[in-house]
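*Asks:* Residue strings, one per chain:
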Amino acid sequence: MTQVMLNALVVGTTYALIALGITIIFSIMKVVNFAHGQLYMIGGFVVYYFNVVFGLPFWFGLVMSFVIVGLLGVAMELFLFRPVMLRVKREEVTMLLAMGTAVFLESLALIVFGEKQRGVPPIATGVVDLFGARLPTGRIVVIVVAAMLIAALMAFIGYTKTGRALRAMAQDREATALQGVNLKWLSAMGFGLGTGLAGLSGGLLVAIFAVHTGAGTAISIKAFLMIMIGGAGVLSGAILGGFVLGFLESVGYALLPGSLTFLIIFLIVICFLIVRPNGIMGKPWG
Amino acid sequence: MISQRQRHVARNRALLLSAAFGAIVLGTAAQAEETLKIGALGVMSGPFAGWGGVMCQTFKSRAGMWNDDGGIAIGDKTYKIEVVCVDDKGDPKGAQTGAEKLVSEGVKYIQGPNTDSTAESAKTVMEANGTINMPYAFSKSLYKAPASQSILGMVASYQVGPVIYKWLMENKGVKKIAFVSENNADPIKQRDEGSVGAKALGLEVVSDQETYESGTTDFFPILTKVIGTSPDHIVLSGVSPSDVGPLIKAARELGFTGTMSTETGQDPKAIYEVAGDASNGFIAAGGASTDSIRSDFMVKFIERYTKDWGEWNDVAGLYVYGPEIMIQTLQSVGPKALDDTEAFKAALDGFVGKNPFLKDGGELKYVGRTDYGQPRQVSVPIVVQQVENGEYKPLFVGKLPD
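From first to last, the protein sequence lines are chains A and B. Under this note's numbering, the first residue of the first sequence is numbered 1232, with each subsequent residue one higher. Under this note's numbering, the first residue of the second sequence is numbered 14, with each subsequent residue one higher.
Treat the hints with caution; some may be incorrect.
Stated by the list, open to error - To give an idea of the chain A side of the interface with chain B (calculated C-beta under 8 angstroms), a few residues:
#, residue
1, Val-1235
2, Asn-1238
3, Gly-1345
4, Ala-1441
5, His-1443
6, Gly-1445
7, Thr-1448
8, Pro-1488
Since the hints were made in silico from the structure, they are not lab data. Only a predicted model underlies this, so the values are computations on that prediction, with no experimental measurement involved. A virtual CB, placed ideally from N, CA and C, is assigned to each residue, including glycine.
Kindly produce the complete structure, drawing on both the sequences and the hints.
*Replies:* Here's what the structure looks like:
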């Protein structure tokens, strides 16, 4: 059971990191970014290229995954979502736009990166034995870095002027604008921060998993599931949702036949949403 | 060196896009030479792109070699080969519409699809329109009468699985075996067939019900349970190219020291890049591209494929048998087979071609009478190999029954 709980901790931490980016974009833009998984995938490839192809340190690649995918997000906000949202108020249009972007990015990635799965050399070697359970050192490093990134993001959102402005914009755009905040700049920055986090997750996790061009869709679905559980648009809810899904997945695989695990998870989520449609920590949408 | 290669890939892909764009712009300009259109229908995007995408690239590279040599002679005419690739996205409906699209373009010969569900779906179109296709799917109903239009392009999992298990019993002392697969129809079917085969050999199957969802990134949870049953050997049934490396890596990190294998085509370099030294000893069934058995012609094909697509993928060494036997048979039957696949089918029973890919040569023919009651399988050699530092080392080479 120790191994199962350790598995839940690792899966939960990685999921929490993945969920943060999608919930930031949702909170400030009210856009469900279905291209989140594809941005995660691009982040993984950015690290692969810097680390394996160009021979630069993994950590430099990781920084670049945040920068490059963040800038891609800024471009998406400026040239795709902003013009559409200025003209159309219906939320499903932005969802369709996000889905179209996801398909486009995946197809483009297949042409640019090819069909093969990619991995990077291990960032740490060895395995730690914890009460009979095995935890590879690489996973420990990833969990620690992911936890530090989550803490840094929470501190940024909670205690900096820009973070407070982002929170204010998420609560009331008009009131925030009346306070003299430049919403155009802040929207682009917030979108870039959200996509940058997707890239950072992909970049960090390629160190212990692998990446391929078809990885995005499943990640998007799981990220969406996490913020539905935790509460869309709430940062702490996304973290909680990530850990809940990670726990359900790890314990489910341990106790149930594999084919039933996600069936039961989806059933639990459906029943939970009937009782609490805004998620554990969520607020009504809109 | 690698970055140069990457630039080369990007340049080739850009050239391909430019060529496609040019073709659209210029339309159907009059051409002096005859063109033979062949289809490639398979899953060319998503986690399984390593199968259908490579199949398409393989056919294009082989066609490029034929075209560079002036084309292929069928009867009195010489034809340049044009390969039309259609991505079915691994979706049965996509396979059906893709097959219809190819048929509507006048294509009579198609390589693919890559899975049971897509091949079964495309079968209705193939049978109704008299189109020959070469699936990489193992469902026997595709190849047994009354079906007649499909020819299995590789060794089926139920043919190679027991061969691998028997070898493991005799050489590695394997007694307990576990199967793990993705929660999808094709891998589950292969798992069930593998489990039956293992039991028939006298192996104790300690786990054959564990599955993971498509898109799983962390395999620790599922493998914790499988390894908990203490198997000597784990079979990754029908595993997709995107999952094989992470599965091997996770199993070794969890302390599994036994052997592992799969019956599907995999690229050893990609596995090694993800799993590192943990991948050494992983057993897979593959093509004929390993150094010790390949011919000079296979080396030329590898060079061509690498030039076209940036890097070699060992799965191409399996797929290249499809175009080869298809074209050799067409040349043998003559022009009547170009429009009438009945003539092509009539020749399957007695056709004997040359295998240009093996150092020792040998025949290239249609087998499958034992398993399907009619010659509906390409005589691909059974090459069982293991990964060693990113390369395949053959363990043994076998022959399919007639």
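*Asks:* Now tell me if each hint is right for this structure.
*Replies:* To see whether the hints hold, each was checked on the structure:
1. Restraint check, Val-1235 (chain A) versus chain B: the minimum CB separation of about 7 angstroms is within 8 angstroms; hint holds.
2. Contact between Asn-1238 (chain A) and chain B, as hinted, is supported at the beta carbon level, the nearest pair being about 5 angstroms apart and thus within 8 angstroms.
3. Hint on Gly-1345 (chain A) holds. Least Cβ distance to chain B is approximately 7 angstroms, under the 8 angstroms limit.
4. The closest approach between the C-beta of Ala-1441 (chain A) and any C-beta of chain B is roughly 4 angstroms, which is under the 8 angstroms cut-off, so the hint is satisfied.
5. Here the hint on His-1443 (chain A) is kept, as its CB sits about 4 angstroms from the closest CB of chain B, short of 8 angstroms.
6. At a threshold of 8 angstroms, the smallest CB-CB gap from Gly-1445 (chain A) to chain B is about 4 angstroms, leaving the interface hint in force.
7. For Thr-1448 (chain A), the shortest C-beta to C-beta distance to chain B is roughly 7 angstroms, which falls under 8 angstroms, so the interface hint holds.
8. For Pro-1488 (chain A), the suggested interface contact is upheld, since its CB lies about 5 angstroms from the closest CB of chain B, less than 8 angstroms.
Going through the hint list in order, the structure satisfies each hint without exception.
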